Amino acid sequence: MAITLTENAAKHVRNFLAKRGKGIGLRVGVRTSGCSGMSYKLEYADEAGGDDIQFVSCGVTVLVDSKSLPYVDGMILDYTREGLNEGFKFNNPNVKNECGCGESFSV
Amino acid sequence: MALLQISEPGLSPAPHEHRLAVGIDLGTTNSLVATVRNGISVVLNDENGRALLPSVVRYLADGSTRVGEAAQTVQSEDPANTIISVKRFMGRGLSDIGGVNGLPYRFVDAPGMVQLRTVAGVKSPVEVSAEILKVLRARAEAALGGSLTGAVITVPAYFDDAQRQATKDAAKLAGLNVLRLLNEPTAAAIAYGLDNAAEGLYAVYDLGGGTFDISILKLSRGVFEVLAANGNSALGGDDFDHRIYCWLLEKNGLSALGASDTRLLLTRARAAKEELTEHAETRVTAILQSGEAIDTVLARQDFHDMSQNLVARTLQPMRRALRDAGLKVEDIKGVVMVGGATRMPQVQRAVAEFFGQAPLTNLDPDKVVALGAAIQANVLAGNRGGDDWLLLDVIPLSLGIETMGGLSEKIIPRNSTIPTARAQDFTTFRDGQTAMSIHVVQGERELVSDCRSLAKFELRGIPPMVAGAARIRITFQVDADGLLNVSARELGSGVEAAITVKPSYGLSDTEITRMLQDSSQYAQDDMQLRTLREHQVEARQLLEAVQNALEQDGTELLDETEQTRIRGSMDELRALLQTDDHHAIKRAITRLNDATTAFAQARMDKSVSRALGGRKLTDLEI
Numbered sequence: 001m002a003i004t005l006t007e008n009a010a011k012h013v014r015n016f017l018a019k020r021g022k023g024i025g026l027r028v029g030v031r032t033s034g035c036s037g038m039s040y041k042l043e044y045a046d047e048a049g050g051d052d053i054q055f056v057s058c059g060v061t062v063l064v065d066s067k068s069l070p071y072v073d074g075m076i077l078d079y080t081r082e083g084l085n086e087g088f089k090f091n092n093p094n095v096k097n098e099c100g101c102g103e104s105f106s107v
Numbered sequence: 001m002a003l004l005q006i007s008e009p010g011l012s013p014a015p016h017e018h019r020l021a022v023g024i025d026l027g028t029t030n031s032l033v034a035t036v037r038n039g040i041s042v043v044l045n046d047e048n049g050r051a052l053l054p055s056v057v058r059y060l061a062d063g064s065t066r067v068g069e070a071a072q073t074v075q076s077e078d079p080a081n082t083i084i085s086v087k088r089f090m091g092r093g094l095s096d097i098g099g100v101n102g103l104p105y106r107f108v109d110a111p112g113m114v115q116l117r118t119v120a121g122v123k124s125p126v127e128v129s130a131e132i133l134k135v136l137r138a139r140a141e142a143a144l145g146g147s148l149t150g151a152v153i154t155v156p157a158y159f160d161d162a163q164r165q166a167t168k169d170a171a172k173l174a175g176l177n178v179l180r181l182l183n184e185p186t187a188a189a190i191a192y193g194l195d196n197a198a199e200g201l202y203a204v205y206d207l208g209g210g211t212f213d214i215s216i217l218k219l220s221r222g223v224f225e226v227l228a229a230n231g232n233s234a235l236g237g238d239d240f241d242h243r244i245y246c247w248l249l250e251k252n253g254l255s256a257l258g259a260s261d262t263r264l265l266l267t268r269a270r271a272a273k274e275e276l277t278e279h280a281e282t283r284v285t286a287i288l289q290s291g292e293a294i295d296t297v298l299a300r301q302d303f304h305d306m307s308q309n310l311v312a313r314t315l316q317p318m319r320r321a322l323r324d325a326g327l328k329v330e331d332i333k334g335v336v337m338v339g340g341a342t343r344m345p346q347v348q349r350a351v352a353e354f355f356g357q358a359p360l361t362n363l364d365p366d367k368v369v370a371l372g373a374a375i376q377a378n379v380l381a382g383n384r385g386g387d388d389w390l391l392l393d394v395i396p397l398s399l400g401i402e403t404m405g406g407l408s409e410k411i412i413p414r415n416s417t418i419p420t421a422r423a424q425d426f427t428t429f430r431d432g433q434t435a436m437s438i439h440v441v442q443g444e445r446e447l448v449s450d451c452r453s454l455a456k457f458e459l460r461g462i463p464p465m466v467a468g469a470a471r472i473r474i475t476f477q478v479d480a481d482g483l484l485n486v487s488a489r490e491l492g493s494g495v496e497a498a499i500t501v502k503p504s505y506g507l508s509d510t511e512i513t514r515m516l517q518d519s520s521q522y523a524q525d526d527m528q529l530r531t532l533r534e535h536q537v538e539a540r541q542l543l544e545a546v547q548n549a550l551e552q553d554g555t556e557l558l559d560e561t562e563q564t565r566i567r568g569s570m571d572e573l574r575a576l577l578q579t580d581d582h583h584a585i586k587r588a589i590t591r592l593n594d595a596t597t598a599f600a601q602a603r604m605d606k607s608v609s610r611a612l613g614g615r616k617l618t619d620l621e622i
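If you read the protein sequences in the order shown, they are chains A and B. Under this note's numbering, the first residue of the first sequence carries the number 1, and numbering increases by one thereafter. Under this note's numbering, the first residue of the second sequence carries the number 1, and numbering increases by one thereafter.
So that you can see chain A by itself, here it is in the shape it has in the complex:
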């Protein structure tokens, strides 16, 4: 069971956290919403919750609540650039279908 960050993604997260000036890591999760059933949650974590599971990948602490974990287990988080746009990309092996933009998905 794990979530991993690419070295590039980790570099950006460390950088963002430093600029933000607070936060213990990155929170990844899912919630039920969106046109294909579920959507991702990607937030700064200021504190760990009771049912959080923590991973450390490339020096970044990743927190996932235990309910979300089955849907994102094995996921690789990358940071990419598409033209002028840049941001995080989720490579989630659990996803069977996703909407056109990939913002929501089903498993």
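These aren't lab readings, by the way, just hints derived from the structure by calculation. Just so it is clear, the structure is predicted and the values come from calculations on it, not from any experiment. Errors might be hidden in some of the hints.
[Unchecked claim] Short, incomplete list of chain B residues facing chain A, as computed with Cβ under 8 Å:
1) LEU4
2) GLN5
3) SER7
4) PRO9
5) ASN38
6) VAL43
7) GLU47
8) ASN48
9) ALA142
Note that the Cβ used here is the ideal one computed from N, Cα and C, for glycine as well.
Starting from the structure of chain A, add chain B where the hints point.
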């Protein structure tokens, strides 16, 4: 898939509900666009990694435009059609603009705002500014991957109603929804986080390319009040370049250079100035048209000496601003530096000496206004939690009406927080008076002739009464952008005539409509470009997905011919990606989709059977 950004805890947006908001610094010399991404305010760069867009627009004979660097480089070859520093003309009549004779433009003195005759027709400063904003909007939409919810645009603190209205009209023309106009010094203070720091008095020292502004801000309970603003509209970084240029001429015994040599030496002078920020001396080399070579070393100390009186000229407005605000230097809690020219060590030293404290310089002074505007835009678009209070701004000048004797009666005093509404009752002057002329003015002076006239309108249909019997209530409303609506109503009789006032220097709605129609021709081009970009992104995503699928299951689920067929479609699409034919790209996408339908079906079946393998249906959690 879409690229995600990190949100603040608990604030992940729902899918397809990102509210993209930007802050725009529409500057005299350069313009920028910024946004809050991953919770941090960042300036958005163009394809070449440049943040600053020179505020230069060139009109070509075919009606198209060039904005930014492309226009700036040909400035001296086509000066009449290459508009620089258009911000100085916003909401201004010809008589308001000083030194028009020194400018290369063909001015048309239209009622209200001055216009410029170009090879592509007569253009209003609003249209020129809209061209700059359109480029920034396109940059932002490409960088954020969607259309913008809205923008905060910054304006100088001293901008009056007409100039603010003109700025708002330009944004509208560029297809931007203006969330708020924000005073530039206020934006700079927000970028430094002074809005959530302690209360107090702050000075904002803004030395741009061609203008100098000093503002004294007072922050109390979330309200930024501009206590005083002063400056010099003809003093900026360019003057420092010019000092070096003059020194070069003198040092090398040159005189009366041609336009291209002048431009070359000014560019070299600018580079030398920037170099001296980091180094103790710099070498200036150039080869003139005549073949004469220039090779001169300039020491930092010499540059400081020759520019000493320029720096000194910024101190006088600072003293005046403090005096206007009734403050002493010791009252100032912090000093914010804005504008590229504040990088010069001699400027920073002079400001530090004047205020007796080191100014805030850790943010890029070119970007600080846009960064602050982006933070405000993010709040206004609703991307932050409910516990954040909104920053309030104030109106810079009092608003009132003309009363008997040519006096100004102030209805909303300056520094009132906005939005605001105030009403005052007036009466008739003569027996049987049935109409009243209402003259809306702006300014601090007592005589109307010394104030700026904003609008005039008439209230008719007042029932005949003896003088002083009618009760006419005049209501002034200022919205959150500092824009004004005035209405008048006769209360006693119930006769009502409410009128909305537009500032006389702004553009009428019909003019705006005409301009929007004029630009629809280019809107067509813009739309095609957008479609092309969308198809390109879709194609890249599809290619990546098919490539991954082939690598995983290609050999297992497909025979040689099928694989070759799919790879053929992929190559075709890849080749078309290099072109700008969006129809052909779309057709190739459809062909690749068709070619892979059976493959996708087979992969789906495989993953279902893998998931079901060795398990009973009842074991599965659905």
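| said: Let's test the interface hint: is any C-beta of chain A closer than 8 Å to that of B/ALA142? | reply: holds (4 Å)
| task | Report holds or violated for the interface hint on B/ASN48, using the least CB-CB distance to chain A and a cut-off of 8 Å. | result | violated (11 Å)
| task | Using Cβ atoms only, decide whether B/SER7 comes closer than 8 Å to chain A, and label the hint accordingly. | result | holds (5 Å)
| Interface hint status, B/GLU47 versus chain A (Cβ within 8 Å) | Nearest chain A Cβ about 7 Å off; hint holds.
| Would the hint on B/LEU4 stand, with a C-beta cut-off of 8 Å toward chain A? | holds (5 Å)
| query | With a cut-off of 8 Å, does the beta carbon of B/PRO9 approach a beta carbon of chain A closely enough for the hint to hold? | reply | Given a least distance of 5 Å, the restraint on B/PRO9 holds.
| field | Per-residue hint verdict: B/ASN38, partner chain A, C-beta under 8 Å | value | OK, holds: B/ASN38 within 8 Å of chain A, min 5 Å.
| field | Satisfaction of the B/VAL43 interface hint, Cβ to chain A closer than 8 Å | value | violated (12 Å)
| Does the nearest C-beta of chain A fall within a distance shorter than 8 Å of the C-beta of B/GLN5? | Since chain A brings a Cβ to about 5 Å from B/GLN5, closer than 8 Å, the hint holds.
Hint violations for this structure: numbers 6 and 8, all remaining hints satisfied.
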